[in-house]
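One-letter residues, chain by chain:
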Amino acid sequence: MSSLILRTVARLLLPILVLLSLFLLLRGHNLPGGGFVGGLVCAAAIILQMVAYDTATARRMLRGSPWLLLPLGLGLALLSGLAALLWGQPFMTSRFVSVPLPGGGALDLGLPTVFDLGVYFVVLGTVLLVVLNLGEE
Amino acid sequence: MTLHLVLPVALPLAGAILCLAFYRVARVQRAIALSSCAGLVLYLAGVLWPLLNGAGYATLRIGNWPAPYGIVLAVDLLSAIMLSLAAVVGLAVLVYALAWFRREPEEPLLYPLYLILLMGLNGAFLTGDVFNLYVFFEIMLVSSFGLMALGGERGQIEGTIKYLAISQLSSALFLLGAGLLYGLAGTLNMADLARKLAASGATPYTAIAALLFLGAFGIKAAVFPLFFWLPASYHTAKTPVTAILGGLLTKVGIYALCRLYTLLFPVHWAAQRSLFLGIAALTMVVGVLGAVAQGDIKRLLSFHIISQIGYLIMGLGLSSTLAMAATLYFMVHIVLVKTGLFLIAGIAEQVTGTTDLYAMGGLLRRRPFLACLFLITAMSLAGLPPLSGFYAKLGLVIAGLQSQEYWVVAVALGVSMLTLFSMVKIWTQAFMKKATTAAGAKEQLRPGLYVAAVGLAALALVAAVGAGPIYGVAQRASQQLFDSSAYLVAVLGR
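Those protein sequence lines, which keep their order, are chains A and B. Residue numbers for the first sequence follow numbering that gives the first Met the number 0, beginning at 0 and rising by one. Residue numbers for the second sequence follow numbering that gives the first Met the number 0, beginning at 0 and rising by one.
Hints were generated in silico from the structure; no laboratory data involved. Incorrect hints may appear among the rest.
[Unchecked claim] Distance ranges between label pairs, derived from CB positions: (1) B:G53 <-> A:P101: 53 to 61 Å; (2) B:R26 <-> A:L108: 22 to 30 Å; (3) A:L5 <-> B:E157: 36 to 44 Å.
[As the list claims (entries may be wrong)] Which chain B residues stay away from chain A? Per the calculated CB distances, all over 12 Å, these: (4) V40; (5) P107; (6) G185; (7) L262; (8) A270; (9) R364; (10) S402.
Using N, Cα and C, we set each Cβ at its ideal position, and we do this for glycine too.
Please take these sequences and the hints and turn them into a complete structure.
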């Protein structure tokens, strides 16, 4: 059922969807968004390639097994919690740094962002594992 | 505040993450799993118990949020007893699993799921927040689904689906109860809830919440009439998995009932005494009758889980400090002995190649040491003196007589007789009877199987010899539960 229109659109949408997923991830601290929905959008972008082409193409794009996203994400989440122990605070105490951006403004990055990044990877990995395996059956 | 209190959750999680990262390298996975389980035991023995012996409580505010608003981890003696049981049994079953899965290659997900199960158990014992308790229950559940279905045989999937369906019902009841409490008091911190509910007094709503929790944890603990899922599912899993689920998982329900009823619903606890005792009696009787009728060793032992849960519910229902202390001692006894029996059944399965009691036989001659091990553990379960089951039941009987609940004591003693009968059934069928099949070449069993089973049997013997000191700790834990004011101060800071 592969159509030329779908393949063209899928190729064009891929970078936009990945950027959107990163936008949702970073926005999630104060506004709707976050690691979970960001991970879903990124997974959707790759699943779209699977639908338009085939699972082999989708797998090639990942440059690695989606398996490894699980320990990576869980590890980031756990480390973001344990980091607080370094300065003698209880597990998961958050800490922020303000990164000044060129042209005024600043980006507040903190441990919750790292935790959210972990969620992003875990969601991405889980969804891809399930869908790619189903797609190959 | 005790910063290291997060370790019982963080350590198994870190182990699981590393196991996932090395999911292709079985040898590394084994080493990681073993070291995180051993680390847990060392932490509890070396750090947490000395701390609790002095202070009595340890708390940790997650994220440094003050008490009623953030999640608080709070450990008292009850939590510490449960954590220690989980750590010791977790280590023993892991050693067993390491040896067991040499024969059949393990799934790469076995050790990560196992460690996440331990993390869920530890978290449930640590947390001082009702919703957080729910989350840790879900973590336990999800990992136990995975563990049960490992292997992917038809019977396993069927058992897992039954277990999954009934667990969802239980989770729904739990959530309803938690939602009701939140609507009533506007908080889910257990200590804060205790204070607010005590101030507002008992209402029909709190009674409904208490009953919802009784239903939710009753399903998890497999009490009458909500037990039918257990014998339909546990025996389908691989034996090490059955051992950890059967030995520990049902007891988490009892732990949660102990915690919530003593802290949140002391009034309803006394009022629902006859309900508790009725459930206890029926659970004991139905469980043991089911066990007596079974011809499969794993199914027989699964039914025994139910009947022993009845004793724990009986102790909870008697609602006196002595009964609670006896319940806690019973908990120590049953977790060690029941897990040990499953491990021994697994060895018997490997020797004879079957779990059908009528097809087994000749084990006394072929494996005299195994027979000896079984005899000690089984008689402990039946409650023969001077083994640990005797002291556990003695405490419950004395507490029952003091509370003048003679009928439930009579039921408990009768069920003991039937327990003995079903253990003798295993003994005569599997051990005494002549082998029905010609003994093949003596198969070499991995020493890890015996190490784990002997370790648990030895600990059960230690529990019998050290019944005095253990009852002392249980008595102190029980006093803490009955006088919750110190717990409230430890958690809320005022």
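Hint numbers not upheld by this structure, sorted from lowest to highest | 2 and 5
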